[in-house]
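Residue numbering for the sequence shown is 6 to 373, as defined by the numbering used here.
No lab work stands behind these hints, which were simulated from the structure alone.
Being a predicted model, the structure only gives us computed values, none of them experimental.
Do not take every clue at face value.
To be verified - FRET-style restraints, in silico, Cβ to Cβ:
1. 288 - 248: 37 to 47 Å
2. 318 - 217: 24 to 34 Å
3. 184 - 254: 48 to 58 Å
4. 318 - 54: 35 to 45 Å
5. 220 - 178: 12 to 22 Å
6. 123 - 239: 21 to 31 Å
7. 7 - 129: 33 to 43 Å
8. 178 - 153: 43 to 53 Å
In this text, a Cβ means the ideal position worked out from N, Cα and C, and glycines have one as well.
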Amino acid sequence: MMRLADQMALKRYKGPGFDRIRVIAALIVLVHHCTAYITPNIAHDVLFSFSRGTIQFGLLAVSIFFSVSGFLVTPGLSYRGDITAFAVHRFLRIMPALVVNVIITVLVVGPLLTTLPLKEYYLDQQTYRYLNNLVFRTTTMLPGVQLDDGTSPTINGPLWTLYFEALSYITLVALFILGILTNRKACIGILLAVYIANVIFWLQPDIEKLGLERIAVFTSLFVYFFTGVTLSIFSKEIPYDYRIASLLLIMTTVALPLGLGILILPISVSYIAVYVGYSDILGKRPFKTDYSYGIYLNHALVITVLMVLLPTFTNFLAVLTVVTVSAFVIAALSWRFIESPSLHLKTRISEIARRQLGYFLVKKNSVS
Numbered sequence: 006m007m008r009l010a011d012q013m014a015l016k017r018y019k020g021p022g023f024d025r026i027r028v029i030a031a032l033i034v035l036v037h038h039c040t041a042y043i044t045p046n047i048a049h050d051v052l053f054s055f056s057r058g059t060i061q062f063g064l065l066a067v068s069i070f071f072s073v074s075g076f077l078v079t080p081g082l083s084y085r086g087d088i089t090a091f092a093v094h095r096f097l098r099i100m101p102a103l104v105v106n107v108i109i110t111v112l113v114v115g116p117l118l119t120t121l122p123l124k125e126y127y128l129d130q131q132t133y134r135y136l137n138n139l140v141f142r143t144t145t146m147l148p149g150v151q152l153d154d155g156t157s158p159t160i161n162g163p164l165w166t167l168y169f170e171a172l173s174y175i176t177l178v179a180l181f182i183l184g185i186l187t188n189r190k191a192c193i194g195i196l197l198a199v200y201i202a203n204v205i206f207w208l209q210p211d212i213e214k215l216g217l218e219r220i221a222v223f224t225s226l227f228v229y230f231f232t233g234v235t236l237s238i239f240s241k242e243i244p245y246d247y248r249i250a251s252l253l254l255i256m257t258t259v260a261l262p263l264g265l266g267i268l269i270l271p272i273s274v275s276y277i278a279v280y281v282g283y284s285d286i287l288g289k290r291p292f293k294t295d296y297s298y299g300i301y302l303n304h305a306l307v308i309t310v311l312m313v314l315l316p317t318f319t320n321f322l323a324v325l326t327v328v329t330v331s332a333f334v335i336a337a338l339s340w341r342f343i344e345s346p347s348l349h350l351k352t353r354i355s356e357i358a359r360r361q362l363g364y365f366l367v368k369k370n371s372v373s
């Protein structure tokens, strides 16, 4: 039976499906958010109802992102052992587009939508609190930005996941430094601990009262991330087989309406995502572009603009078309002028970071 590592080598470690999976996941989030035009009630999400509240489409897409991310970023640490390059690459993938997004939101979108005089808008402290998003402290309001009913819309809801993504990367580096990523028994132990913790948090109805809500949310995402990590580390032992992917899909379909999705989803979502990523199911060649982050990062801003400026524009298919086209255009511009140029700098910046770190360590040792 072919192993996952064999398929990875066959594809020269460039899975043709991963780019498409990420774009599809981003589009699922986009569609999920557009359903706010139909109903804000999450119970009306088909997957939410089918799974008896275990998961909804937006969260499924985010889980796919975390699974794929955990799988793809792990070799940079577990095999190369280069923490500096890992940190630089993650920073350049997330931050440049985020910085532009947040600044444009504050300086362009906010003034366009606010009911306040511009001077008052710019003097309001809440305007600059939105910049907290640059350090992953999620802020979703701008002063004077209101809907028809006087309530404040969530400006860019998807930003909440970036905090947990960054925390997952930090945790992965910590595990590498502790030697856990090279200790297979320890890896399995961490995966089981996170898996069990996620189930316990799910079964605990008083998470908010216990003050553990943020830890529970992190655990619910990290379990997917670390399952992806584990698939990467054990790629030489794990079979790459469509029958396993099919069986997991069937088991998930059976488990969800029974309310047991929490037990199978981290495994099934991660394995199926990796299987499809290294298959030709979605295409034989990787994309030369990656619009997924741009779509994910910017689509909610388009929705907010429509909700505030065109409150009577409520036809779901029309809204979905406008938001999708706008998100793709913005994502293309973001990739062309921000993300791709930034990623081309990763080798140079990694070298500079190593030199500076080496200089700092030498200077520190000489002083001591």
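Against the structure, the hints:
1. 288 - 248: 37 to 47 Å: 22 Å, violated
2. 318 - 217: 24 to 34 Å: 41 Å, violated
3. 184 - 254: 48 to 58 Å: 35 Å, violated
4. 318 - 54: 35 to 45 Å: 27 Å, violated
5. 220 - 178: 12 to 22 Å: At roughly 19 Å between Cβ atoms, residue 178 and residue 220 fall inside 12 to 22 Å, so the hint holds.
6. 123 - 239: 21 to 31 Å: 57 Å, violated
7. 7 - 129: 33 to 43 Å: 59 Å, violated
8. 178 - 153: 43 to 53 Å: Roughly 46 Å apart at Cβ, these two residues keep to the hinted range, so it holds.
Figure legend: structure checked against the earlier numbered hints; hints not met, in rising order: 1, 2, 3, 4, 6, 7.
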